[in-house]
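There are 4 protein chains.
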Amino acid sequence: MTDSSLNISEADQLAQECAKHMYENDAAAQALGIKLVQVLCGSSILVMTVKGFMLNGHKTCHGGKIFSLADTAFAYACNSQNQAAVALSCTIDFVNPAFEGDTLTATAEELHQGGRSGVYQIKVTNQKQQLIAIFKGNSARIKRSVLPEENVLIKEK
Amino acid sequence: MTDSSLNISEADQLAQECAKHMYENDAAAQALGIKLVQVLCGSSILVMTVKGFMLNGHKTCHGGKIFSLADTAFAYACNSQNQAAVALSCTIDFVNPAFEGDTLTATAEELHQGGRSGVYQIKVTNQKQQLIAIFKGNSARIKRSVLPEENVLIKEK
Amino acid sequence: MTDSSLNISEADQLAQECAKHMYENDAAAQALGIKLVQVLCGSSILVMTVKGFMLNGHKTCHGGKIFSLADTAFAYACNSQNQAAVALSCTIDFVNPAFEGDTLTATAEELHQGGRSGVYQIKVTNQKQQLIAIFKGNSARIKRSVLPEENVLIKEK
Amino acid sequence: MTDSSLNISEADQLAQECAKHMYENDAAAQALGIKLVQVLCGSSILVMTVKGFMLNGHKTCHGGKIFSLADTAFAYACNSQNQAAVALSCTIDFVNPAFEGDTLTATAEELHQGGRSGVYQIKVTNQKQQLIAIFKGNSARIKRSVLPEENVLIKEK
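Chains as they are written, first to last, in numbering that gives the first Met the number 0: chain A, 0 to 156; chain B, 0 to 156; chain C, 0 to 156; chain D, 0 to 156.
Bear in mind the hints are in silico, worked out from the structure with no lab data behind them. There may be inaccurate statements among the hints.
Any copy will do: because identical chains look the same in the list, a pair fits if it lies in one copy or spans two.
Unchecked claim - 27 Å max Cα-Cα, derived DSS-like pairs, lysine-lysine: (1) K19 <-> K58; (2) K19 <-> K142; (3) K19 <-> K34.
Because the structure is a prediction, the values reported are computed rather than measured.
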């Protein structure tokens, strides 16, 4: 089974199975209250509400929490083809502050996915559609599937 | 008072006052168990132990937690001259995984500090001195002091 | 005259005047054979053909030449509002090689422009619409106009 | 022959052979007047003088030329173990301008080199030891040698 043998809805269905499996094991995302809105082949949309414990001394959301949201959206997008990938490097630009109670949406899109290396862009916006941060992630596939092998075997019957 | 009027130990003492003030207000750093080992003028050393809640589905430390440690070291280094600065953009390279129980050390050094813009490098290593991540932070000063004004006035008497 | 007082076509006309002025003084862009296809407010499209002198030992286009094309597109986009800006930092991802004779197109778009800081993305593609490189530029305005003052005075009469 | 079987001087000698071979085929570096000062295992020092044709409209050295110098130093450092590597992504921070007649020195050091991925830092300074730019390069090895195979066979007899 190659990617090209999948029609769009099969690719998106696979992306959703990968996301479901990843999320069940993603204690860090759950602890931050990150929710999956949509995961499709090569893309994802996640949301997180800024809580009191996420604030720094300026009463704005800590950069590490915004990074975590964007990095999580990156992970769901770059693992959406059932080929496990890890983050090699990331960049983030902080363009506007986020405040307690803000609902942040991270939208990940694939800019490039080669056989091994991928480049993804994630935009983080608030509930007013203001841009909060721009994230770029470089991923590398590690020759494993995302789903446990038995799931894939069942799927391919 | 300009930077050049400070001798080295005064500059380092100011850095330590800034760090103490920042840490008291840094709920996010405290929640991650980040401890300050040393903060001097333009540099900092911080440690964090990888806890169970920091792990992802691969049982390695979530990139967002490593980012948060490095980003915090960056903040203490770029705010160490009592001129408040914010992160404009950051890059992080993940070169080795970190596991539960690892003690991570983030060492921040100033690569460049102009009148407004700064560039800092932070290396994150584990207890075996293995390199875990390389972080670069670009900061911008925002024309405020780090310490409350009354502290500075007392200091300058 | 503020930006908001310009309607779209005036903003684009100003972008074109800035571009014309910049290009006349841009010996480096001219030496690389870079041509302006379109410069509008916050965006630009430039092309460059890969010549023999641009090749490295692998007979592919040197990264520095692709960077130069993207960086030039960045400059025309972030200076398009007649507020002179300089590059603070740039990142480039090389995703496919370019070969002699290829026509490369750099398309710059504004991701964010605040009062001082800007973030722009430039995609470089070849004549087959294959993605060659992804560039991100962070700019800072320097409180000068792009056009000589007399031009602006004439314009504002 | 593995890297660990080389003592330091053999590793450095191999680095110099790789550099010599690369430079002979590097028309772009030669055209910019880039000279090799020293290439050792994992590091390199290169110099370039800023010429008139490298200037932009502000009469400062074009960012693309500074990038090219740093990128070239990166290439010689990450290819110094006779395992061919290509640039995946690069970041550059421009911290001070360079002017006509300045002699720029690029000093590359290895921050990390795994089996495949590498991270290198290059600092560009002028003749007054002022920092001009900070460059970070991420490389990937491509399973080829740098030296032609016959050279390596002769070497290993």
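Taking the hints in turn, this is what the structure says about them:
1. K19 <-> K58: between (33 Å within a copy, 17 Å between copies)
2. K19 <-> K142: within (20 Å within a copy, 36 Å between copies)
3. K19 <-> K34: Result: close within a single copy only, 11 Å intra versus 35 Å inter.
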